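*Asks:* Sequence:
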Amino acid sequence: MREKRRQSSYTSKGYKKAGSILTDLNPVQREAVQQAYGPLLILAGAGSGKTRVLTYKVAYLVRELRISPRKILAVTFTNKAAQEMKQRIEQLVGTASLNMWIGTFHSICARILRREAGSAGVDPNFVIYDTDDQLTVVKKALEKLKLSREQFSPKMVLSKISWAKNSLISPQGFTQLSGNFFEQNIARIYQEYQKGLAANNALDFDDLLMKTAMLFDSNPSVLEKYQQRFQFILVDEYQDTNHAQYVLVKQLASRHRNLCVVGDDDQSIYGWRGADIRNILDFERDYPEAKVIRLEQNYRSTKRILEAASAVVKNNLGRKGKTLWTQKAKGDKLT
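Note that my numbering has the sequence shown beginning at 14, numbered continuously upward.
Incorrect hints may appear among the rest.
[Stated by the list, open to error] Think about it this way: if two alpha-carbon atoms lie no more than 30 angstroms apart in a straight line, the pair counts; the simulated DSSO-like pairs of lysine-lysine are:
1) K208 - K99
2) K93 - K263
3) K153 - K238
4) K173 - K159
5) K99 - K263
6) K157 - K168
7) K153 - K173
8) K153 - K168
9) K238 - K159
10) K208 - K173
11) K208 - K153
12) K99 - K152
13) K93 - K159
14) K152 - K304
15) K263 - K238
16) K93 - K173
17) K263 - K304
18) K99 - K157
19) K238 - K173
20) K152 - K173
21) K168 - K152
22) K152 - K208
23) K173 - K157
24) K99 - K304
Calculated from the structure, these hints are not laboratory results.
What you are looking at is a predicted structure, and each value in this text was computed from that prediction instead of being measured.
Model the full assembly from the supplied sequences, consistent with the hints where possible.
*Replies:* Here it is in structure tokens:
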């Protein structure tokens, strides 16, 4: 059931004048922006204006539909992209942007864990370890278990632990799945690694995702609180989500289902760190009522470049497909 439109309070200082939002968009971009309710998959080719669509969609929700900014969650992958999104949205809606949650998956999860520390079983003042800190903890675990760094490279071990956490597999679960001597020792290291983090009141970046997903799974009332808060969810670079991020999005969006994800199945390049292209390919299976919109007009490249790129990606397996085009000239020959 659609939420009754409520008058949102925000100041108009510093944002684009009313009536100018939709006129800045091409017809397909406009359709994507105006599709406010229900699941929406935007397949956005390179240079097709996806960031503009995302930010204008937020502005449309606030300024045209009068959705409370507090009900909006916008998630992206890097701090730089999150900062750019914040700046663009502020230009469009003014200080209303201060009431939204805009950030990376990790920053959003860290914020939730600090707020819900008691339920999550963490200290609200936890520190977040970077890669160097993590490797130090792994090395200490190897030393304690009397395992060789030559046989168990700290970087390799950390990669295995990261994979487990992004797959939402706990140390106990990893132990149960371990089938050989090598995996059994990785499980032992994983357990010691977690003890080392706990001793320093630390979480790593993968913990932020895993512990938030586990919090929502084990505490329905906490999950409902954030489902009610984030009634409109927008996710950028959806093709790069891993299993933990996929689960988090599904948990938060399951009540109101006003979920907009933007991605490009031809630009999935982070499989090595857990990204699962199936998340975007199976979106319509997860949300049968979803609408799919393709942003195919390219504003960045010449026709010759697009033709060359299309010739390459058409051979990709498991893609939804789109045909990029441009109004730019043919361009110089490629060498």
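*Asks:* A separate judgement is required for each hint: does it hold in the structure or not?
*Replies:* Status of the hints after comparison with the structure:
1. K208 - K99: Between K208 and K99 the Cα gap is close to 37 angstroms, so the pair fails against 30 angstroms, i.e. violated.
2. K93 - K263: Holds: K93 and K263 sit about 25 angstroms apart, inside 30 angstroms.
3. K153 - K238: violated, 39 angstroms
4. K173 - K159: holds, 19 angstroms
5. K99 - K263: holds, 23 angstroms
6. K157 - K168: Holds - the C-alpha atoms of K168 and K157 are around 17 angstroms apart, at most 30 angstroms.
7. K153 - K173: With a Cα-Cα distance of about 17 angstroms, the restraint between K153 and K173 holds, given a limit of 30 angstroms.
8. K153 - K168: OK: K153 and K168 at ~13 angstroms, within 30 angstroms.
9. K238 - K159: violated, 45 angstroms
10. K208 - K173: holds, 17 angstroms
11. K208 - K153: Within the cut-off at roughly 11 angstroms; holds.
12. K99 - K152: violated, 39 angstroms
13. K93 - K159: Since the Cα atoms of K93 and K159 sit roughly 41 angstroms apart, the hinted pair is violated (cutoff 30 angstroms).
14. K152 - K304: violated, 49 angstroms
15. K263 - K238: holds, 15 angstroms
16. K93 - K173: holds, 27 angstroms
17. K263 - K304: holds, 17 angstroms
18. K99 - K157: violated, 45 angstroms
19. K238 - K173: Violated. K238 to K173 sits at ~33 angstroms, over the 30 angstroms cutoff.
20. K152 - K173: Roughly 14 angstroms between the alpha carbons, so the hint for K152 and K173 holds.
21. K168 - K152: holds, 10 angstroms
22. K152 - K208: Holds, at roughly 13 angstroms.
23. K173 - K157: holds, 19 angstroms
24. K99 - K304: holds, 26 angstroms
The earlier numbered hints that this structure contradicts are 1, 3, 9, 12, 13, 14, 18, 19.
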